[in-house]
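Go by the hints and put chain B onto chain A.
So you can see what is in the structure, the chains are spelled out below.
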Amino acid sequence: MKKKIILAAAMMLIAAGTAQARDQIKIVGSSTVYPFSSYVAEALGSTTKFKTPVVESTGSGGGMKLFCAGNGMDTPDFTNASRRMKAKEYKKCQKNGIKNITEMVVGYDGIAIAQSKSAAPLDLTRKQLMLAVAAEVPSKDGKSLVANPYHYWNEIDAKLPHRKITIYGPPTSSGTRDAFEDMILKHITKHIDAYTNLYKADKVKNKKYKKFHEIRQDGVYVPSGENDNLIVQKLTKDVAALGIFGYSYLAENTDKIGAATIEGVAPAPETVQNGSYKLSRSLYFYIKQSHIGKVPGMLEYANLFMSEQMIGDEGECADIGLIPLPKEMRDHYRANLKALTRLKADDLKKKH
Amino acid sequence: MSNFMNTGKNPRQKQRERADTRFRLYGLTALGLAMAFLVFFFIDIIGQAIPAFHVTEVKVTVHYSDAVKSNYNKAIDHKLRRIVSRGWLRALPAQLKAHPDMIGTSAELWVPTDSRVDQYIKGHDGNGLKPKYQHIVDAMQKDGRVRQVFNTGFFTSGDSKLPEQAGILAAAVGSVFTLLLTMLVAVPIGVMTAIYLEEFAEDSKLTRLIEVNINNLAAIPSILYGLLGLAIFINFMGVPRSSALAGGLTLALMTLPIIIIATRAALRAVPESIREAAYGLGASSLQTVWHHVLPLAMPGILTGSIIGLAQAMGETAPLIIIGMMAYIPEPPTSILDAATVLPAQVYTWSTESLHGYTERTAAGILVLLTVLLSLNAIAVTLRNRMQQHW
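Chains as they are written, first to last, in the working numbering: chain A, 1 to 352; chain B, 1 to 390.
Chain B with its partners taken away, still in its complex shape:
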């Protein structure tokens, strides 16, 4: 023994230290890889998404003649028809009917372009823009009749089959409706279930069976909840297909086990002495739970609920089954209207062949990620602010 002390390091000690270093390096490599993937993902998505926040406009002369009412193409020069967005053109007749005094006038206006022109200006090889139109656009650019502006439409309009008009508003509103419903249904039911199981139920075979089942339900593939939602809510209860109500209820089913598990863990973390003190002072069970245990468990419950809801927000699989993955360009005005959600919108765009949708897909992902990160940030802040230490 004294021999070891004198020479400092013996061979086994060195070996152990080397193993230690290696172990640390493995960990570091794993972390590095994870970071590299994340950084790569963000750079890729942001790089693709940035162009979506700008759209191209061209300055053209618009003739508000009487003929425009029946054929909107007559409003602009024949050779510019494929340059200007058709979505903008076809709104003209309605505009003229609303403002009859405009008939007979003409104006120089900056108007949105067709997506192919937009892609050509952004340098994406003009995917599909015919050479003769490329020449026209080139000439207009020389005259200073082409500009890029911030794409407000992306945030103020719904989906469109014309990429230059496609936006996320309808999907965002749909997501809000759906998520609110999920929250209203899943949080109270989940918390009450957990309180009952944790504070009141006796430890019997039945409660243990329920417990095992809840844990299993938290892990089953989410598409099964879609089938369940279809059978219960749409086929049996008659909730309209594709509605935010159907989606919210289905996602609530999916989120319930997560909330129950998180709430139970939070309740269990409240020291037994608190309950005993309350009972000692003559508090009833209701008073003990309501006044003492639940407030102390709140940070854990909130964190669990927010994470559960964030997961529900990013979910698409169950929504395919209940018809929310559809072309729904108008934001819902009630929970019974057909609605779609952000991840479903991202998926729909990713399958479109026109190049204009590629950048919108990335921009949609960016918006979704921002919302999810903010939700998680709220969860972390709440936990830090409200946490109790014993």
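Next up, chain A with everything else stripped away, as it sits in the complex:
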């Protein structure tokens, strides 16, 4: 038995010594990009001599943390994100010696507010949606916050129909939920004084009011599990209800459900691409240039991901739910990839 212990100790030492060399790409980051990223990883592994990259779904923030930890071979080569790199994260990367990062956008992710095919058409604004789902909303005079009192849409806005508010949506563990909280709650509440004034009054205690994103728990918003099939079934039975899910799912079930329009625009690849449909976001990945040449296959992976075969209008990623970029944007990022354009701090301030 002593031999075994010595053996185990020796193995650990070997491990510590050999952790430097690596012949397999490591990718971390957003769970929203994960399906596409791992799809491309598999295609790379099965059509080239390179090993299939390891793709870990850590969330956008978790991915950035691992990515920016340093240049060592034990850090990931790519990180996926469902939002842009933050200035803070960029600084951390620079501080840890990761000077050269290239940014790629692969496409869009959209959220659809869906309802039964037999329901009357509905048009909502992001603010109305926020008022329907937030845990606390501004009072009538707009000066303070009250627990969400709304149970019918016409209570929020007299122009809306007298229809019961029931919303089936993703649970907290889901990437779609993050997107929903970002695009509908945070985006709106950060511009409403009733929330931000509370934050300004006490920045520590009222931190959550800076970008308020708590969802009501009184049964109006029903978290419905990861299984989107179930939401579709519920929507066909409960005609008044609305459901929230990823755009790709709406496209697969157009025979049973339709979409509510947001600020007059229905979700479709075109409206997402031209930015008129507001419930969408860009999907990114970042390349650690210092690893190119040390880890085999990195450029091949990036090129395959950005290829027309994957992210084009008829590409394989579009087939599994990615909304493609407009043609000129794809070309723009491909040129960036070819030149390995370095991401600068100023770039992150610009809007896409």
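Please keep in mind that the hints were generated in silico from the structure rather than gathered at the bench.
Check each hint, because a few of them may be wrong.
Below 20 Å or equal to it, Euclidean Cα-Cα: the simulated EDC-like pairs (lysine to aspartate or glutamate) are [to be verified]:
id	chain 1	residue 1	chain 2	residue 2
1	A	K88	A	D182
2	B	K132	A	E314
3	B	K122	B	E352
4	A	K327	A	D346
5	B	K74	A	E316
6	A	K143	A	D123
7	B	K122	B	D101
8	B	K79	A	E314
9	A	K207	A	E136
10	A	K200	A	D218
11	B	K130	A	D123
12	B	K69	A	E308
13	B	K130	A	D319
14	B	K74	A	E308
15	B	K79	A	E316
16	B	K69	A	E316
17	A	K234	A	D255
18	A	K210	A	D255
19	A	K88	A	E308
20	A	K186	A	E263
21	B	K59	B	D138
22	A	K86	A	E181
23	A	K186	A	D202
24	B	K79	A	D313
25	B	K130	A	D313
26	B	K132	A	D319
27	B	K130	A	E316
28	B	K74	A	D319
29	B	K9	B	D20
30	B	K130	A	E300
31	A	K208	A	D193
32	B	K74	A	E314
33	A	K207	A	D182
34	B	K79	A	D319
35	A	K207	A	D193
36	A	K164	A	D123
37	A	K91	A	D346
38	A	K203	A	D218
39	B	K69	A	E263
40	B	K132	A	D255
Relative to the frame of chain A, chain B by itself:
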């Protein structure tokens, strides 16, 4: 008193007997419920898993033209592209490069279908298969160009983003690597710790403190071991993230207290007279423990270790933290390669939206259960075979 005897049963006696019957019934109900849950679970899982062991194939004409090298879609008829598995198609160019003599020929082959076609043939409402493809498949079925075969790929390939190609090999190999490491580390250390505590250590405040802590460690949530593993093995010792080594060591930490407790109980069950007899014949402490106490305690130690390892095998929570819950389709070839394990694979599949993964999730659970039940069966057999009676 004599009065009671004469009338046979008195009211209190009857009451006690009724309480007795009720008590037995409660027990029986509990057992019945537990059995019902178990049976329901098995029927449900097996019912869902069975379709996963068959895959659909279609007979198509494959043209090995020169153009296939650059565009694999050209190998088959345009309208069949969504019917045939893309995973099979995209392997063609490499095949042609390896066998250049095939170029220019064509063949009638049974090839795997896309998962949506597979689901449609299995009667799962064709989840996502567009009507125009449904018609094509219906027509092919009439011509006898559709068949179902045993799904060997499920056991011979790793994870895939195409459900029809997804298998458990990579996860199974990862589980074996991880578990072997856990065993190599946890069993010797655990047994030696227990021997020291039980046979050599004096009963002091310190040993009692250690004892209480070991008992507590056996009960803490397993995810904490993941954090510990991340801090010690990955961040401090530089073990590669996601590797079987990191997983094995982390799970070894988790299994240690279980093995220590089981070993100590087994050692304690060895009668004191055995030790005294050995000492009486002039044996040293080492000889006493090694030659007499340990062999007698072996069945208990083995049972405890196997149960501890079985628990480690079904564990996922600590492995999320150290990055083993990831898309890793290739089986590891060394303990430093990225690896995933069976329960992690089951979890990954259960979160996929395509219907083809649902049956694979159930099949994965079935495989995991089979392995766990066999491990437990080995533990029971060993115990029965080696048990000593005094």
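Hints the structure fails to honour
Going through the list in order, the structure violates hints 4, 6, 7, 10, 11, 18, 19, 30, 38, 39 and respects the others.
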